[in-house]
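There are 2 protein chains.
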Amino acid sequence: MNDINVWGLTEKEIDTTKYSLNATLFALGNGYIGTRGNFEEGLELEEYDGTFINGFYDYYDLSYGEKYKGYPSRSHAMLNVTNGKKIDIYINGELFNVEKGTTKDYIREINFRKGVLTRKLTWISPRGDEISFESERLISFYEKHLLLSKVKITPINFDGSIKIISSINGNVKNITKENDPRIGVEFNGDELRVIKSSIDDNIGKIISRTKSSDLGLVCVMSNRLDCTGECSTSYTEYNELVSHTYDVKAMKNEPIILQKYVLYKTYKYVEDNIEKITSDNLIILLKEVMDNGYKFYKCKQKDYLDEFWYNSDISIDGDDSVQQGVRFNMYHLLQSVGRDGLTNISAKGLTGEGYEGHYFWDTEIYILPFFIYTNPDIAKELVEYRYNLLEAARKRGKEMQYDKGALYPWRTINGEECSAYFPAGTAQYHINADIAYSICKYIEASEDEDFLVEKGVEILVETARLWLEIGQFNDDGKFHICCVTGPDEYTAIVNNNVYTNFMAANNLKNAYEAVIFLKNKYPLKYRELADNLNIDEVEINKFHEAYINIYIPYDEDKKIYPQDDSFFQKPAWDFEKSKGKYPLLMHYHPINIYRAQVCKQADLILLEFILNDLFDDKQKKRDYDYYEKITTHDSSLSTCIFSIMANELGYYHKAYDYFIHSVRTDIDDIHNNTTAGVHTANMAGTWMSIIFGFGGMREEKGMLRFSPHLPEKWTSYSFRISFKGRKILVSVDEKGVEYKLLNGDPIVIYNKEEKLELKR
Amino acid sequence: MNDINVWGLTEKEIDTTKYSLNATLFALGNGYIGTRGNFEEGLELEEYDGTFINGFYDYYDLSYGEKYKGYPSRSHAMLNVTNGKKIDIYINGELFNVEKGTTKDYIREINFRKGVLTRKLTWISPRGDEISFESERLISFYEKHLLLSKVKITPINFDGSIKIISSINGNVKNITKENDPRIGVEFNGDELRVIKSSIDDNIGKIISRTKSSDLGLVCVMSNRLDCTGECSTSYTEYNELVSHTYDVKAMKNEPIILQKYVLYKTYKYVEDNIEKITSDNLIILLKEVMDNGYKFYKCKQKDYLDEFWYNSDISIDGDDSVQQGVRFNMYHLLQSVGRDGLTNISAKGLTGEGYEGHYFWDTEIYILPFFIYTNPDIAKELVEYRYNLLEAARKRGKEMQYDKGALYPWRTINGEECSAYFPAGTAQYHINADIAYSICKYIEASEDEDFLVEKGVEILVETARLWLEIGQFNDDGKFHICCVTGPDEYTAIVNNNVYTNFMAANNLKNAYEAVIFLKNKYPLKYRELADNLNIDEVEINKFHEAYINIYIPYDEDKKIYPQDDSFFQKPAWDFEKSKGKYPLLMHYHPINIYRAQVCKQADLILLEFILNDLFDDKQKKRDYDYYEKITTHDSSLSTCIFSIMANELGYYHKAYDYFIHSVRTDIDDIHNNTTAGVHTANMAGTWMSIIFGFGGMREEKGMLRFSPHLPEKWTSYSFRISFKGRKILVSVDEKGVEYKLLNGDPIVIYNKEEKLELKR
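These protein sequence lines map, in sequence, to chains A and B.
Just so we're aligned, residue 1 is where the first sequence starts under the numbering used here, counting upward by one.
Just so we're aligned, residue 1 is where the second sequence starts under the numbering used here, counting upward by one.
What follows is a set of in silico ranges between Cβ atoms, one per label pair, in the way DEER data are often shown:
{"id": "1", "chain 1": "B", "residue 1": "74", "chain 2": "A", "residue 2": "701", "range": "55 to 63 Å"}
{"id": "2", "chain 1": "B", "residue 1": "74", "chain 2": "A", "residue 2": "179", "range": "16 to 24 Å"}
{"id": "3", "chain 1": "B", "residue 1": "557", "chain 2": "A", "residue 2": "701", "range": "39 to 47 Å"}
{"id": "4", "chain 1": "A", "residue 1": "556", "chain 2": "B", "residue 2": "703", "range": "48 to 56 Å"}
{"id": "5", "chain 1": "B", "residue 1": "750", "chain 2": "A", "residue 2": "587", "range": "48 to 56 Å"}
{"id": "6", "chain 1": "B", "residue 1": "454", "chain 2": "A", "residue 2": "556", "range": "48 to 56 Å"}
{"id": "7", "chain 1": "B", "residue 1": "581", "chain 2": "A", "residue 2": "556", "range": "40 to 48 Å"}
{"id": "8", "chain 1": "A", "residue 1": "179", "chain 2": "B", "residue 2": "657", "range": "55 to 63 Å"}
{"id": "9", "chain 1": "A", "residue 1": "619", "chain 2": "B", "residue 2": "74", "range": "47 to 55 Å"}
{"id": "10", "chain 1": "A", "residue 1": "619", "chain 2": "B", "residue 2": "516", "range": "47 to 55 Å"}
{"id": "11", "chain 1": "B", "residue 1": "67", "chain 2": "A", "residue 2": "157", "range": "54 to 62 Å"}
{"id": "12", "chain 1": "A", "residue 1": "587", "chain 2": "B", "residue 2": "303", "range": "56 to 64 Å"}
Below, simulated DSS-like cross-link-like pairs (lysine-lysine); rule was C-alpha separation at most 27 Å, straight line:
{"id": "13", "chain 1": "A", "residue 1": "579", "chain 2": "B", "residue 2": "69"}
{"id": "14", "chain 1": "A", "residue 1": "67", "chain 2": "B", "residue 2": "577"}
{"id": "15", "chain 1": "B", "residue 1": "478", "chain 2": "A", "residue 2": "558"}
{"id": "16", "chain 1": "B", "residue 1": "395", "chain 2": "A", "residue 2": "581"}
{"id": "17", "chain 1": "B", "residue 1": "581", "chain 2": "A", "residue 2": "404"}
{"id": "18", "chain 1": "A", "residue 1": "173", "chain 2": "B", "residue 2": "67"}
{"id": "19", "chain 1": "B", "residue 1": "173", "chain 2": "A", "residue 2": "67"}
{"id": "20", "chain 1": "A", "residue 1": "69", "chain 2": "B", "residue 2": "629"}
{"id": "21", "chain 1": "A", "residue 1": "579", "chain 2": "B", "residue 2": "398"}
{"id": "22", "chain 1": "B", "residue 1": "577", "chain 2": "A", "residue 2": "542"}
{"id": "23", "chain 1": "B", "residue 1": "581", "chain 2": "A", "residue 2": "398"}
{"id": "24", "chain 1": "A", "residue 1": "404", "chain 2": "B", "residue 2": "579"}
{"id": "25", "chain 1": "B", "residue 1": "69", "chain 2": "A", "residue 2": "629"}
{"id": "26", "chain 1": "B", "residue 1": "404", "chain 2": "A", "residue 2": "577"}
{"id": "27", "chain 1": "B", "residue 1": "581", "chain 2": "A", "residue 2": "69"}
{"id": "28", "chain 1": "B", "residue 1": "69", "chain 2": "A", "residue 2": "69"}
{"id": "29", "chain 1": "B", "residue 1": "398", "chain 2": "A", "residue 2": "581"}
{"id": "30", "chain 1": "A", "residue 1": "67", "chain 2": "B", "residue 2": "177"}
{"id": "31", "chain 1": "B", "residue 1": "177", "chain 2": "A", "residue 2": "69"}
{"id": "32", "chain 1": "A", "residue 1": "69", "chain 2": "B", "residue 2": "577"}
{"id": "33", "chain 1": "B", "residue 1": "559", "chain 2": "A", "residue 2": "478"}
Hints in this document: simulated from the structure, not taken from any laboratory.
The C-beta atom is built at its ideal place from N, Cα and C for all residues, glycine as well.
With the rest of the complex left out, here is chain A:
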């Protein structure tokens, strides 16, 4: 582990057994386009390649042995789109392919500050021709439609012919169940169909349309070749493959350089001319991009990342491996996150087909905190996304036979529920409260009152209403919520899940308070909203009544919260017997898991982190001690939360162990499934483990409090927090903690119980 690249990821040997795994790790993206890190020249056995556009999907039918009312009849999955990476190279007629011949001096690197993937190697062909090869690839943060590639080939020991074929290929398919039952979906392979492909005037073009979602994609390409020798060029378009071919009379030591510009743009199919308009505009953009040139976008890429790291970086001294993991995770979050208000961040980002490109509650509870406190502009787009889904969520509520309110889908891209197993899908109503919670956190930190007034109140009211639909006041005068599944998916369809009830109460409270606020401060706005949504005093008072009377089960003997009403009545899980059988879900029928006291992930412990100030330290400690023993962490959403709470409770070694488990999950392929994509929620969990865990940051009543702790292995660490327009640098070392206001007006914060006013 010497010589760890703390600002990037480096590979110094080609290990073809890890080719597909590394295609995930070296994937590039800008939140719109994402492409896996496969080589330009490809390999013979090319598995799990993929290029994705955030939010670009097609439908497939869901089937059920028994289907009931309200079951989604179809799902959708992110599509693998036109491959724009491919550059085939022939050296004196021999195809360049590192599986053959001899490869030397290999190095591949993704640089987190430059945002460029580079590769260098020397290759000796089977016949003995030696070349030096260099490639670069970037997906532009500045121009979101742009995928840029460059290859440089230099003959070392020969003069001869070098042929370069640069292509865009529309003949692509998703992974099917047949290829890989764990990842693949029920696609036939004809979901994305090329409807036009052409090449002329040095511009290649492929237009594709989805089979059933009425979405379309235009991909255009242009190339520029620089060389000293003679070169002839030809264009071909064949079988959904559009290519430029360069035949170069290469000379020893004279480099040949190809620049490849590929643009992607999607459209919603309305009528045929939308395709022409989109592609015409894209060709205009292509010419502009060519004019700007390669260096311009490399430069812009650096600028963008400079700002990102200035806002977001966490610096750690004392453990390069951790430092690398932390930055790798933040970098992938940036690459994955949609920032147009219409797309979000999927469970695997734009790096693979796992979870079908769906968005979950992961965004709100795990990922949004990172953006809220580092890049509030991006956070805003993520909350906007949920507002854009509100109409679909209302429709879903109706589908589920609720008279009022909105029910957000458990997993989705376009707003329709895609979960085919309701006990761990639709029954996880808590997603409504999670969204409401995170919106309030966003508004608090960003002071985006405009969002609150224009959109936030509406979401808060519509989500709160659903709790009145599914909950009820019992004879005890308390508000109960039956038949739900909490975050822990190893316990399903229970009554009064503590997480759900507290979060629902929080949702109701925030909705109530937001309406009162609106009524007082923006009476006209209130009138308009009240009319549109049919809000009246009675209903608002019912919000209030429900949240102040929320029923919370509590075990007076154990002095512990049961996860739900009946959790403590269930038998203990036999951990001795289930050794080697993780994740349990792969080895036991769900009902056997549901029957026992065993948790897949943080549930109550997550709640005690999120609504931190509702529980005292002793309570948290008792609960932590109890639930830790019975949690398998079979979900990647778990260890980061246990790390945070272990820190809060002073279990520093545990905190560090859990953190370590989470920080290099993908780089070290700990779950053995990173080939299918990175784990974005866990990546953000790493950030949370540091900021909320080691840094001890909490936001309460609009104020930040820190209680930093320095892990034993580290000599110092620092991080940056954006809050209410300020940027605060927090630096911790053996001597203590230092807070520095980097910009904005003075602000009061707390260091543990000590009040500090930070000034510049």
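With the hints as your guide, set chain B onto chain A.
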């Protein structure tokens, strides 16, 4: 409703809109073969025809949006087999078809004492040729492989040509989801394939084999034509259709009579010669059957039914409509029930494809009582069936990760679990206890100690073991059973369902006592069993400990049993709002139904009938009053039980109303789905409503007790009960009740609290 046929079902007009419904009502069967009542000559629009062999099925794959460990990967469904009914008739070249021309004097009847379906009509062809037509059909109770038909055609106003084509047709398919999503299964239509068809020597033959279940079917046919005119005969075999064609020079008023003998025999495919052996044997049988002749089988049919009605009849004076319904139901039960120990009675008998020909707990809790107390020989075959499934149930237990014991499938033909929705399938563990309970009831009534010793104890122990696998002793010292679904499918995956817990305790108790009995009376048998099953003292004592400490929730305030631990915490169902939305399952997502206090069917009330002596009258009354209000009876298994308990509690009007709902369910197509087949459990429920309800019969500690009540509308009724080798006739009228011992040694019974010794 005048002139009701109390010993049959009569139709006097052809209503083509009810053709498919009536094909169910006029279906014939003998527990082995069943065939729907479609006309010999067919109609142009021939829907929902079908011929079935009990237990003859093929597989299809089950699909799930999300599939977990222990989910069945395939299901199986009863196949529609070779059609042996068809007889096409041409009158001077015109096809006889009642949809065309004019039909007069139509009458169709199934006679419950003769077991023959007859039809008579006069038909005038579009061109004006008039014939008289008579047909008869029977499926022999005496020779189970035999389907016998006869048609008699007499020209009324012409001499001319009459062509008769008698066929067996192997080109048949099941109803698919495309035809009818409510009934059809995921079959492709090639599940039953003809592998050989031939005709020679007046014998037609079709051999078919299933695609994946390795089952085969031989169908053979022979015909005999009697007429006075000239007749030429030809044989054809074309496209899986094998036919005899008779061309007759018909003369006015001279009848032409065709007898058609069709035999069916299934085999388990092992190697190719099994087909030859089976068909050779069947042809020998066919010749024997032809020799015996038509009248012989009609005579045997009558004999068989004489005995059946002697054993089973319920006679009711004062309401012919009820009388007809009661006999119709009993007759269909007889037609549907498998009696070879390898087959059972499916939810729709052999009358249609609904529920895929699967067997459920319906047999044990609803249907077996009828056979136990009227035809114990048939009851024995039904309990034998469960013994034959024991190995498959052990395997299912293992699949579900249980170390010991057997878990009977919720729905099956061959023993494999076919339920694709575990919350209302595998979670209904109570089927284990239901089977154990009914076996004990059978043994008690039949005194079949041999069955107990050889097979019963083994079933009792293996079913009991499963409760130790899924239940546990909690800190209160009580035995709890979590995460189960009781009989009521509108409440799922709950803890301590009262029905399940009491029945599990009963299962454990009976297993414990059976083992002790075996050990004391048959020590060698015990040793053998104990060795085979690894039974030891510790385990047996644990059975005892579990049943004496069974946990039963009880609401001390309401003085009512909650259906399960949390039932009373759930909100009331809004019946006002759900008006017109029954069955609820077709209108609400399951989780919304699960969330509320609403029942599909008798659950606790069923328990209080089954384990009658565990509850006192006041308790039963309180429970009945509470649960009646919240039960929708969306299941056809419900009203008969409410009728019985209403009788017990003196709610005589209610009892009669529920009974009336159940007694003509199929004849009057009350659930609007009898087209897919009769409701066998409800049919047996009718019997139960009379015997256990109006008759007030209970079996306690090996003794029968009666508490008869005469419904207001009736002047008298009587029924027959087989018990411990005796046959008892119970007659009730306005003066009171009379008990008569028809055969066997004297026996003590109770009339209410009065002890009576019956002698012949």
